[in-house]
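So the sequences go chain by chain: F and W. Take the first sequence: its position 217, counting from 1, is numbered 216 in numbering that gives the first Met the number 0, and each next residue is one higher. Take the second sequence: its position 19, counting from 1, is numbered 18 in numbering that gives the first Met the number 0, and each next residue is one higher.
Rough simulated footprint, nothing fancy, chain W against chain F, three-plus residues with beta-carbon under 8 Å:
no.	region
1	41-53
2	91-102
3	121-135
4	181-193
Below, a sample of chain W positions facing chain F; criterion: calculated Cβ distance under 7 Å:
no.	residue
5	Y7
6	L8
7	L9
8	A228
9	K230
10	I245
11	G248
Source of the hints: derived by calculation from the structure; they are not laboratory data. Keep in mind it's a predicted model, so treat the numbers as computed, not measured. Just so it is clear, CB atoms sit at the ideal spot from N, CA and C, and this is done for glycine as well.
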Amino acid sequence: MGKIISLKDINYSYFGKIPALKNISSDIESGEMFCIIGQNGSGKSTLLNIMNALIFPDSGEVYFKENKITEKSIHDKNLNLRLRQSMGFIFQNPDVQLFCPTVFDELLFAPLQLNMSIDEAHERAEQTLSYLNIEYLKDRAVHMLSGGEKKKVAIASVLTMNPEILLVDEPLSGLDPKTQTFFIELLLELNKAGKTIIFTTHQLDLVDHIQPRVAVLSEDHTIEKTGTATEILNDEEFLISVNLIHEHIHKHGEETHKHYHSHYVFHKH
Amino acid sequence: MWNTIPAYLLEQHEPVVFSENTGKTKLPFLERTLRKIAATIKLMYLQSEVTTEKKILHIHPQVKVFSFIYLIVVISLANTVCSQLTAFAFIVVFYLISKTSYKYVYRKILFLSFVFGLLIFLPALLNGITPGKIVFKIFTFNTSYQFWIYHIPQTIGITDSGIHIVSLLFLRVLNSISLAMLFLFSSSFPQLIKGFKVFFIPDTFIMIISLAYKFIFILSKSIEETYFALKSRLAGNVNNKNLQNIISGRVFYIFKKAKSNYENTYSAMVSKGYCGKVIFQKENKLKVADVYFLLAAIVSGIIIILI
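Same shape as in the complex, but just chain F (with noise of 0.2 Å):
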């Protein structure tokens, strides 16, 4: 274990007029499950692409492994490789990020990247459509696939790279229930491998299902509180001020009443 990604006071804003992100600090460890829950907007992808390098902050500081990275720094073609293949970054619309012909290409895209063999990044590429159960798609044209599929096949074009870092914007995103809990099944399986399992959302069930260190943005892009899933969870007020849970009417067969809504803060189930 060991610090993997720093952040330092980070300060983002769109063309110095829209705030994104302010003061952010945190620290997330090696094999961690870390979320960043919040409400729409409130930063939540925007902290992700710094991590990953995509954009840079305006003010403060993004250390990798105690490595500095800048917007300069990652212009240099070793520490963009290292980077790069510790990271994987899975999109929350998948159509962005699938880019080549068939299924198969795109599983190869990244080993074949990295310098790896034919052979070898075939086989990875094999066992990991095994590993996810998708074979069928082997040489579907990326564009004919439905949604879940294109997830299934961004989180395995990511994969073949076996990166250190999985880094997930909304991971449940326009799934159906099933293809929900085999992504539930998947990071919390891959965070017993050992990989570093970063990924942002809204949803509380989610948070409840994977127990994850939590950190929370507000509706004023700043970290209100980190903790266990538990601790936030359990704390009614603070979910309601920053707008995680509302008053709503709910039914349960013929009872129907109204209560803020969360299933693990009323229901405790």
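Here the structure of chain F is known, so what remains is to put chain W in place on it, guided by the hints.
For chain W alone, kept in the frame of chain F given last:
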């Protein structure tokens, strides 16, 4: 639910050691260009949306469009350096009133003015093109030359008339670009497009333009996301052929996305009762501020012309 985890995923990672000076990465030119375009569109879109306190933002769109066209004509007609400098002073005042962040536009203004207002007119400084009194000698030949229809004098230099003409042209371009940028960055797009009604452009055409703009904005977001996705996986050596395949695939994706966007939008319009004729709400009547703005623009124009 799935098979056993592949062995390679359980392999220990080697410690990451970063070395310096191993060469620079270069993202493909096309990708960088796409991203720049996306960022510019986003900036143009956001600039007018983020600051609600801009007084000039709330000026009646048709007044704004009329004032803009009027001032552009005035700048084109102003024939002295002094009048162009006066126009520039007025434009700066308009920038201050509008609270438009000059920081984000001045580079664009200076670049465009330099290229279209200075660089291409530079030869006009020389006596070979603009005759006049030489104020700065550059080169002297043994004798003058006659080449086709051109006369090359013995002494090549910058003339006073050349300086005057180039200054005038540069200031004219600078003022026109500054004004256009002010107009763009101090207007929300829907407001700006409604302003074109001053030219009696039909509502349906206005609707088409505003939809096209919306698509461009959505697509620019897609282009940016695509660029990030590519960047996050472009780690090592990608040969040109592979890159060409990737980029052509991305262009296809963007085309497909555009197609599905406009099909869905059309369906949404039809489902809301659209049957070939667009009916917009009527624009509000002129307010006192609109009249003041119009008067200020007209008076500025008269002063510029009279100087």
